[in-house]
Amino acid sequence: MAGSAASKDSATSKNVIVKYLPVYFVLLAIAGMEIFLAYQHFPTGPLLAILLALAVCGGGLAVMYFMHLAEEPSSLFLTLIPATIFVLLMMNMFWSDSFRLLHMKPFPH
Amino acid sequence: MEQTQPQSVHVHAPPEGFLWKYVFSLDHKVIGKQYYGLALIAVFTGMILSWLMRFHLVWPNAKIVGLDLISKSGAPGGVITPEYYLSLLTMHGTLMVFFVLTNAPFAGFGNYFLPIQIGAEDMAFPRFNMMSFWTTAAAFLVLVLAFFIPDGPPISGWTAYAPLSAVGSDAGPGLGWGQNLWAISIGLFCIGQLLGSLNFIATTLDLRTKGMTLMRMPICTWAWFITSCIGLLAFAVLLPACLLLILDRMAGTSFFIPSGLVISDRLQNHAGGSPLLWQHLFWFFGHPEVYIAILPAMGIVSHVLVTSMRKPLLSAKVIIYSMISIGFLSYMVWGHHMFVSGMNPFSSLLFSFPTLTITIPATILTLIWLGSLYGANIRITAASLFALGFVSMFVSGGVTGFFLAQPSIDIYLHATYFVVGHFHMVMGVAAIFGILSGTYFWFPKMTGRMMNETLGQLHFWFTFIGTYCIFMPFHYLGLVGNVRRYASFIDDFMPALMPVHRFVTIAALITGAAQFIFLYNLIHSRFFGKPATDNPWDGTSLEWSIPSPPPWNNFGGKHPVVYHDAHQYGVKGEKGDFIMQDSPETAAG
Amino acid sequence: MSEIDIAMHSQGGELAEGSPYRIPSRKLTMWLFIISDAITFGALLFGYGYLRTASSDWPTPFKFNPSILNVTIMTVVLITSSLTMLGAVDSAKIGNKAKTKRFLWSTILLGAIFAGLHIREWFGLIDEGVRLFQNPWGSPLFGATFFAITGLHLLHVISGVVALAVISRGFSRGWLTAGHVETTGLYWHFVDLVWMFVVPLVYLLNISK
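Chains as they are written, first to last, in this note's numbering: chain Y, 1 to 109; chain U, 1 to 589; chain Z, 1 to 209.
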């Protein structure tokens, strides 16, 4: 396992750090941007949407490059990611009750 | 067709000593039997609990000798108190759903036969496998411990609805340490099942022998594989839910406890939580759990039916696709358990639609089983009878699901005996029939001895007729409005229904007693049964190609090579009307 | 039978069909564990969002100094530890044991710094009166969700640090392979990934402006 990988990829470990430095800096930039935006006076809803979008970008970069999912066979990506997203999306059915508890009506408006 | 001779692989030395051979064994076959044994203990405990409950419903003042030794406060002088009735109910549900219906068909038979059916010598991670069993066993011990503490077992049902389950001992007996033990036990159980699911998926995908493509796997291998995929994502939700419940109970948080709750005249020191959140998290796991229980049974039943019918199923592929779509849909329907919980009524509509959709793959499965029977010369054995009984239970119990899936009807039927009858038939007893069918079918392989066929068929008829006698009246009781979870109906209301309850109780006592025929058969045949041949049922899958019982490394240090689909029946082969998966011959027509 | 034998069996070849994903069993299992764990964290974060939305008196107490500043440092530390982990995985692949050990121990050090900063922050909040069941500012669920989510994450970090120490020892002594380093690396990056969601949802939505 180790041998075949080494013959294929002759990069030294120094290069690998250089190779992933752009991802690293983008992740830091995303974190910085999140903190900056959190101090702008957005209402909570839009702020949540922006922060989540940025977090998904950061998470996606980490999964694809740090965890090397981009280099694995695409079948692995197509199994893992849709399954996770599907289950997390289904949990969004919780929200309607959450809003209602505060407003005591089916929809908050 | 390319022909490759079976090749020898590195032969491992079997373990030495009783402890390593039978207790902390890494062998998947021993672990499978351990799971099965655990389920056997749990199922008889659960059954005796149901006897006590049925007995109490009909003769509430009767003294049960010896019960006061287990719980002085719950059964003073042997008479069950209403609270202790709820304790028994909670333990019955928890034991049956978690430790029987999840353990036996999935972890038990799955561990034993999944590696053999794909031609592997063990699971992918034997140590994980052992850890998974012992975590589950620890969960079982922690749960059963609740019987023996002064407080007694919890009274909140197997669903542990908050806030009752979250507020502590103010709310009733068993809600102190009893409920703590329950939450810890279920948390441990989740970890055990997660480890098991990981192992099952890795084994199925990675350890298939040469020629065993995914579509050549037997249907029950597919069922275990799909079940482990469901379990991997479902138990991952129950685990944090249990953590939050434990925090609520032990650290004073109020995730599931609303503000201003007064219990036993005492204002609870909690604020801001939501009991609905527990129901959402619990049923997000709970509905997939139903399919974790029933899918392996479906797989076992398909396997037994196709072997008994001596002809292929109408379409094995459609069965597999239907099971996959059931698994997929199982994540979209949990809200149908919550129509009357105070959930947003708009959500009820959204949950009702996929719930009715899930009946489509279920109906397709039933139609394939029944359609395949047409023109089949079925061999009547205890195993095939129980498989047919499964189909019968699944249909009878499933039909009432159409009613309960619609919010407007469910509002009337919810929390009545109708629901109890529905889920006992479609999920409880049906899965038990799958387990029994698998037991009669695979016992020769697991022990090298045949079970007594006459006793087996006797057991079937008692169980089959008995089950209908118990659970069919439940539906009528529910339609009349008989509520579930009430400890007594004598003094308060509905005395007119008592004859029905009496009939059900007598049926339950007889059906339960008939299970001891099975227990006797199981133990007696283990030691004195007729020796079994390698392939007593003329099966085609790989487990029938090796000796009974299988040697330590399954295939004797060789790897079989697979040439055929799993279910080659009704063809002219060398040995009869079937072709083994690892036989290089081609069908003669 | 040892797991290594079975893992080698799963490499395919003459004897087996081989994985449809063409990756070792151990790595596949780690990926499956990761998605399962992601759903565990997802369920916790959904629970937090649910309760936050349903509360009318949710407090927003995090000040820039110390909390957000601390979180910024922790984020930088954790993302940097992912980078050193990448170095460790790569040096393990080419079989450079000394370099692997160095990279692994820098990861462990960064992980330990993260845990230390996190615990310091916890103590700061506890000093201000935040408990699992109450806090000085509003809904008691603030402390409950905060400690539950960050506590589970911290547990992951600490077990990751322990795992990395074991892996480092095992790899330099030769009883663990580069595959083990890579699998643990996956886990470590996942811990980093969870933090990327915890920071905006648990901290940045609750800052005092």
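Check the hints yourself; a few may be wrong.
List time: in silico DSS-like cross-link candidates among lysine-lysine, alpha-carbon distance up to 27 Å [to be verified]: (1) Lys97(Z) <-> Lys19(Y); (2) Lys63(Z) <-> Lys19(Y); (3) Lys99(Z) <-> Lys19(Y).
Don't read these hints as lab results, they were simulated from the structure. Keep in mind that this is a model prediction, so the values were computed, not measured.
Pair hint Lys99(Z) and Lys19(Y), alpha-carbon separation not exceeding 27 Å: Judged against 27 Å, a Cα distance of about 17 Å means the pair holds.
Holds or violated: Lys63(Z) to Lys19(Y), with C-alpha atoms at most 27 Å apart: Judged against 27 Å, a Cα distance of about 36 Å means the pair is violated.
Holds or violated: Lys97(Z) to Lys19(Y), with C-alpha atoms at most 27 Å apart: 21 Å, holds
In this structure, the one hint that does not hold is number 2.
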